[in-house]
Amino acid sequence: MNARTACGASGHAHRIYEVVDHGSRGETSELVANSWVRCLKDYRLDPSRPSRPQVLDKASLAERCTRSADLIDCAKLEMTTLYQQLGDPELAVVLVDTDGVILHMVASPDFSHDVSRMGLRVGAVWSEAEVGTNGMGTCLVAGEPVAVRQHEHFFAEFTNLTCSAVPIFDPEGKLAAALDVTSRSQLMQQHSLVLLGMTAQMIENRLLDRRYRDAFPVHFHSRPEFVYTLHEGVLQVGHDGEIQAANRSALFQLGARSVDEVRGKRLDEVFQTTLDEIVRRSAKSSFHPVPTFRTQSANRFFMVAQEPPSRSTAVERAGGKPTAVRLRPADESPPAQFGDARLSSQLALAAKVIDRRIPVLLHGETGSGKEIFARALHQGSPYGSGAFVAVNCASLPEGLIESELFGYRAGAFTGAQRAGRRGKIAQADRGTLFLDEIGDMPLSLQARLLRVLDERQITPLGSEDCIPVDFQLISASHRNLPERVAEGLFREDLYFRLSGLEVDLPPLRDRSDKRAVIQAILDDEAGRAMRLAPEADALLMSHPWPGNLRQLRHVLRTATVLCDGDVLSLLHLPPSLRVGLQPALERECGDTAAAEVAAEETLALNPIQANERKVLLRLLEEHRWNVSNVAKTLDVSRNTLYRKLHKLHIPLSHNS
544 MNARTACGAS GHAHRIYEVV DHGSRGETSE LVANSWVRCL KDYRLDPSRP SRPQVLDKAS
604 LAERCTRSAD LIDCAKLEMT TLYQQLGDPE LAVVLVDTDG VILHMVASPD FSHDVSRMGL
664 RVGAVWSEAE VGTNGMGTCL VAGEPVAVRQ HEHFFAEFTN LTCSAVPIFD PEGKLAAALD
724 VTSRSQLMQQ HSLVLLGMTA QMIENRLLDR RYRDAFPVHF HSRPEFVYTL HEGVLQVGHD
784 GEIQAANRSA LFQLGARSVD EVRGKRLDEV FQTTLDEIVR RSAKSSFHPV PTFRTQSANR
844 FFMVAQEPPS RSTAVERAGG KPTAVRLRPA DESPPAQFGD ARLSSQLALA AKVIDRRIPV
904 LLHGETGSGK EIFARALHQG SPYGSGAFVA VNCASLPEGL IESELFGYRA GAFTGAQRAG
964 RRGKIAQADR GTLFLDEIGD MPLSLQARLL RVLDERQITP LGSEDCIPVD FQLISASHRN
1024 LPERVAEGLF REDLYFRLSG LEVDLPPLRD RSDKRAVIQA ILDDEAGRAM RLAPEADALL
1084 MSHPWPGNLR QLRHVLRTAT VLCDGDVLSL LHLPPSLRVG LQPALERECG DTAAAEVAAE
1144 ETLALNPIQA NERKVLLRLL EEHRWNVSNV AKTLDVSRNT LYRKLHKLHI PLSHNS
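In terms of our numbering, the sequence shown opens at residue 544 and continues consecutively.
Honestly, the hints are just simulated from the structure, not real lab data. From a predicted model like this one, the values you see are computed outputs, not experimental measurements. Be a bit skeptical, because a hint or two may be false.
Simulated crosslink set (PhoX-like; lysine-lysine; CA at most 20 Å straight-line) [what the hints assert, rightly or not]:
1) Lys-1175 / Lys-1157
2) Lys-1187 / Lys-1157
3) Lys-1175 / Lys-1187
Beta-carbon label-pair distances, calculated as ranges [as the list claims (entries may be wrong)]:
4) Glu-1045 / Glu-1165: 57 to 67 Å
5) Gly-927 / Arg-999: 13 to 23 Å
6) Leu-620 / Gln-597: 24 to 34 Å
7) Pro-985 / Glu-606: 37 to 47 Å
8) Lys-717 / Glu-1165: 44 to 54 Å
9) Lys-717 / Leu-620: 15 to 25 Å
Each residue gets a CB set at the ideal place from its N, CA and C atoms; glycine is no exception.
Start from the sequences, fold in the hints, and give me the full structure.
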């Protein structure tokens, strides 16, 4: 240690003693001050004497990694995503176990090399007791998010680093690890803490799913738009209806301080529904959130329950008679049906240009079968024996699209796959590359894609070597690309390069082979030949199908689960499709069944409308259905209120 460094270390130690011995905290946070107290009085550390973290030997590290294998597996992808989102080569994303041992780290090779000299490397022990105040170790002690800026570290040799860390809890609610971002930034990284918190929640949810694969995942939130998002509550419920585990959001929404407060309770002790009922209602609603209430409370939640991921078959349990149904991916496209004359001519035209290796650009509404059309083209092309590689440009985070398309070489960044990764373009060599939702590709990558199309070679991230590629290109978008070009959101030269032939796919409502498509998907989902009752056939044929083939498949998938026989009727279709068909229902099912369906039709309202309907009904009851008084209460005109009542399916027979 030279004189200047020694002087700096001495001044740093003096500041720590001033805070601990005299309580003169100044700008030092209470969390950091408490950590300094522990370091001096509990761990007997000396801030003037540097302490390097110990590093475990290979055998000890391997044993720890084996014990935490599921945690590491759940964290790796999320850590890489976070690293790419932060976009700074001068930082590391670090995972430590509860003893502060670094289990996994994602960083650039240069940064890894620099910080490894001070002990920031896999296998090193960064507990607070070992190396004093630091993001990882102090987070483990505090059990809460921690930010430790440079001079707040206990030892002076770490004062060129800023650390932000958050705890990760296991499904039992116990501290399992800490996730940290360490950088050279002099600023408090508030955005890092936010992203870290979100990443930790995703890792926790992955752990929850992995450790309870035999349980029913129940997703819920007080606001329906938050179901299936990071904010949702998740309960894992056993076959007996007892809650086995819960994520942090679920505990917060239920007002529970720990998993122990809800574990062992039956679902119907917490909500006004049983497991069987919510599974049935979820299937009936095509797994859109359905409303329910807390037990002994007016608090409303929206909920979806699914079959256990480990089960190879889904079982409909509502009627007491199990019906095995083949599970299929939720986004699987419908079978190709080209009985429509317009579609057939488009396919024939596209097949001609594919023979000459001309790019094809598909236009069509969401769910209209663009990928199935592309697969059909691929199978009949000169590249049909090669791979068909599909990339959805809209579903990938912007920071991942580049590595996903172009791949990366081994060692491009620490924590990446050891052998590197072949990108999608390289995987499509001698085959077909299908770029779906190409209109959503970031401008920064459009130039690179254009160069690949012109030069037919790619350069993986972190590499200087060019790899030749040869593939058929098919792209698709539901957006109007000329409009995107005019708005400056899409390169004109790339648009011209993609649009060798433009094909417009008709929506399902306009297809002349619609009945054949419906029948084919129905039989495919049921796994057997099925027949549609006349009223169900009329409804399916007349429905506008805004979600096209994808929506049709989801509707029929649920309907075949609900149908025990070989004839699918109106009662098996979701209420949202049956609005306005009351006379037909009465003819088919009788008044009682029709009344039950009518009661369910309120579920067809969107969540905001459903809540509004409930409020209006309560107000009408309070004012004895005096519309004038309700209008005055709401400060709206009677005509406005009448229109609202009609829109929300509230009958006016009670009003004065």
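| Against the structure shown, which of the earlier numbered hints fail to hold, in ascending order? | Per hint list: zero violations.
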